[in-house]
Amino acid sequence: MPQQRRDPAVLEAWQDPDARPFLEIQNVTKVFDAHTYAVDDVSLRIYKGEFFSLLGASGCGKSTLLRMLAGLERCTQGRILIEGQDITRMPPYERPVNMMFQSYALFPHMTVEQNVAFGLKQERLSGREIRSRVAEMLELVHMTEYARRRPDQLSGGQRQRVALARSLAKQPKLLLLDEPLGALDRKLRERTQFELVNIQERVGTTFIMVTHDQEEAMTMSSRLAVMDVGRILQVGTPSEIYEYPASRFIAGFIGAVNLFEGRVVSCEEELLVIQSDDAPGEIVMYHANPLAVGTPVTVALRPEKLRVLDTPPRDDRNWVQGTVREIGYLGDVSIYHVGTRQNRTVQVQVTNRARRTAGPLTWDDSVYLGWDNDAGVVLTA
Amino acid sequence: MTGRRPFWLFTALAFGYSFLYLPIITLIVYSFNDSRLVTVWGGFSTRWYAELFRNEQILSALWLSVRIAAMTATLAVILGTLAALTLVRFTHFRTRMLFAGMVAAPLVMPEVILGLSGLLMFVTLEQAIGWPPGRGMTTITIAHVTFTSAFVAVIVQSRLSQLDVSLEEAAMDLGARPWKVFFVIILPIISPALIAGWLLGFTLSMDDLVIASFVSGPGATTLPMVVYSSVRLGVSPQVNALATLIVVVVATGVIIAGWLLHRQTRRRDR
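Note that the protein sequences, when read in sequence, are chains E and L.
Just so it is clear: in the first sequence, position 377 is 376 by numbering that gives the first Met the number 0, and no numbers are missing.
Just so it is clear: in the second sequence, position 171 is 170 by numbering that gives the first Met the number 0, and no numbers are missing.
Simulated from the structure, these hints should not be mistaken for lab results.
The structure presented is a predicted model; accordingly, all values stated were derived computationally and were not measured.
Idealized CB from N, CA, C, for every residue including glycine.
Keep in mind that the hints are not guaranteed to be accurate.
[Unchecked claim] Pair by pair, the computed Cβ-Cβ distance ranges are:
hint, chain 1, residue 1, chain 2, residue 2, range
1, L, Leu124, E, Val228, 30 to 38 Å
2, L, Asp206, E, Glu138, 53 to 61 Å
3, E, Gly156, L, Ser116, 33 to 41 Å
4, L, Arg88, E, Gln76, 21 to 29 Å
5, E, Thr143, L, Pro191, 27 to 35 Å
6, L, Pro5, E, Gly58, 52 to 60 Å
[What the hints assert, rightly or not] BS3-like, lysine-lysine: derived pairs with alpha carbons at most 27 Å apart:
hint, chain 1, residue 1, chain 2, residue 2
7, E, Lys172, E, Lys120
8, L, Lys179, E, Lys172
9, E, Lys47, E, Lys172
10, E, Lys120, L, Lys179
[Unchecked claim] Short, incomplete list of chain L residues facing chain E, as computed with Cβ under 10 Å:
hint, residue
11, Ser165
12, Leu173
13, Gly216
14, Pro217
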């Protein structure tokens, strides 16, 4: 899986209080038809060289936000600044921003070459300069030999690369990508994720990508924002969002999760003791902020953080018992759905270390599942 | 049963096509008739063709019709395209439904009404502002533009609504101003629809008898008017010859267009 290789000085910029953001979105709101809040009071700071993703289900406002950055949609309220310059009212053809469209939007009556050259021609560069830049861009996306083809003579993956070359040709300060891999099949998508991250590192442009695919957002971005109904729910690095989701919605949206409802019965320093109807014993969890006794909480546990045990733990904490109901064999790992005595289904993921046709567990096996007190997150929202 | 089906199919096909083409074939055959009487066969001859090319009245009417048709088609493409653009791109103005209906109305309006209302308008205009002076080529052209632009608007509208809006957005995003987007992106992509609209406008104008009869004046006689009036005085075989020539020109045009289209789609599929 591609992971951005980070230059710490540049890419941890969001942790530096003195760093000047490259792009600032200040309280941006977009209202359609006087009532529908497509984007609702969104503020974001994005730093130079970032690969930032806007993640959310369809209709969450992520595309509208992206289109406002491109100037294709007017902000109802708020401001957008690039390097301190207010571009909120600037028309799209004057912004130092380019966009790669979900449909690629290649001009059907022009060749690959002419498509890539289109933006450069608008800048009135000399013919020689345009030719050399087009050649450079086609080289970057490995499309040199297709320069004379028309878009309808290309495959989906080739069109995607032409669209990328065209949007990068003008060397924008900021590149917006609207579901750039959405139209590709799975195998090609994985390879293209890799390429896209490589290209971004090479050109050093700040990328903002819109996607509904959480895996894509996780593997490619330096940081991501999870959106729902026009609002930003959480901003963070992929691992922050996966390991420390801010709410049950985010925990469920990104990856699989087991949720245990309960109440705080005691709070000792950073250790919370939780009583839950979903588990026979107490649940003990680390939590940075103390919570009052009686507070309703949800414990979120990822399937890969659970362990399969032969006996219940001696201290009677952090365990459930149940029988294997379903087995999903994925090759590298297996996922077991365990029906607990409390009538809940708990997912557990086991790495298949040894080569076996069937795992160590089979249907209707009785198992104990346990976890450590730092394996999960305590959520109050 | 299945053995009979081809026989019935062929019979139906033969009937259908003879229904469509027998009159035209009869006309072509009789254009080579030596006899002055249209319905009596008097041997093969091309003399009506020779007489046709000496007939000043028919030739000048043909020339007038071609000029009117070309002018009409050009103006109709411009107006119709503008109307279509407005209707497809500006979806949020209040009277849009009304305008959309009004653009299409001439398609279903009886020609007699169009012709009569045109005549009334031109007479009123001449009395009020002195323009257009009398009736003739100008008034026929204006009247033809009013109804052919409706056809063009419908054709261009259907092409435009299939056009991906993101193409325009991409062009703007890459730095092209709106007017440039129109000329460099939209126009080339919808050009087949514009050509189709132009040809349709040309044909409709060439073909029109009713509206032209209403709004034309002395000295401006279009080809259909000449043909119609000469038929009323007894058909001259010259008309057959003229009709045959028109059929040949149109058929050639259709075959060339079809061949070009076929070649284009084949190149695209490759």
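Per the hint of 21 to 29 Å, is the separation of the Cβ atoms of Arg88/L and Gln76/E within bounds?
-> holds (26 Å)
**OP:** Please test the hint of 27 to 35 Å on the beta carbon pair from Thr143/E and Pro191/L.
**Re:** Since the Cβ atoms of Thr143/E and Pro191/L sit about 31 Å apart, the hinted range of 27 to 35 Å holds.
Q. For the pair Gly156/E and Ser116/L, does the Cβ-Cβ distance stay inside 33 to 41 Å?
A. violated (58 Å)
> Given the proposed pairing of Lys172/E with Lys120/E, does the C-alpha separation stay at or below 27 Å?
Replying inline: holds (18 Å)
Q) Okay, Asp206/L versus Glu138/E on CB: inside 53 to 61 Å? A) holds (56 Å)
Handout entry: Holds or violated: Lys120/E to Lys179/L, with C-alpha atoms at most 27 Å apart
Key = holds (12 Å)
Hint check, Pro217/L versus chain E [nearest Cβ-Cβ separation less than 10 Å]: Because about 48 Å separates Pro217/L from the closest Cβ in chain E, which is outside the 10 Å limit, the hint is violated.
*Starting from Lys179/L, check that the Cα of Lys172/E is at most 27 Å away, please.*
OK: Lys179/L and Lys172/E at ~24 Å, within 27 Å.
Next on the checklist: Using the nearest Cβ pair, does Gly216/L come within less than 10 Å of chain E?
Outcome noted: Violated, because the Cβ-Cβ distance from Gly216/L to chain E comes to roughly 45 Å (cut-off 10 Å).
Checklist entry - Would the stated hint for Ser165/L survive a check requiring a Cβ distance to chain E of less than 10 Å? => result It holds, given that the least Cβ distance between Ser165/L and chain E is near 4 Å, below 10 Å.
- Query: When you check the alpha-carbon spacing of Lys47/E and Lys172/E, does it fall within 27 Å?
  - Reply: With Cα atoms ~9 Å apart, Lys47/E and Lys172/E stay inside 27 Å; holds.
Assessment of proposed distance window 30 to 38 Å (beta carbons of Leu124/L, Val228/E): Since Leu124/L and Val228/E have Cβ atoms about 59 Å apart, the given range 30 to 38 Å is violated.
Hints 1, 3, 13, 14, counting from the list given before, are not met by this structure.
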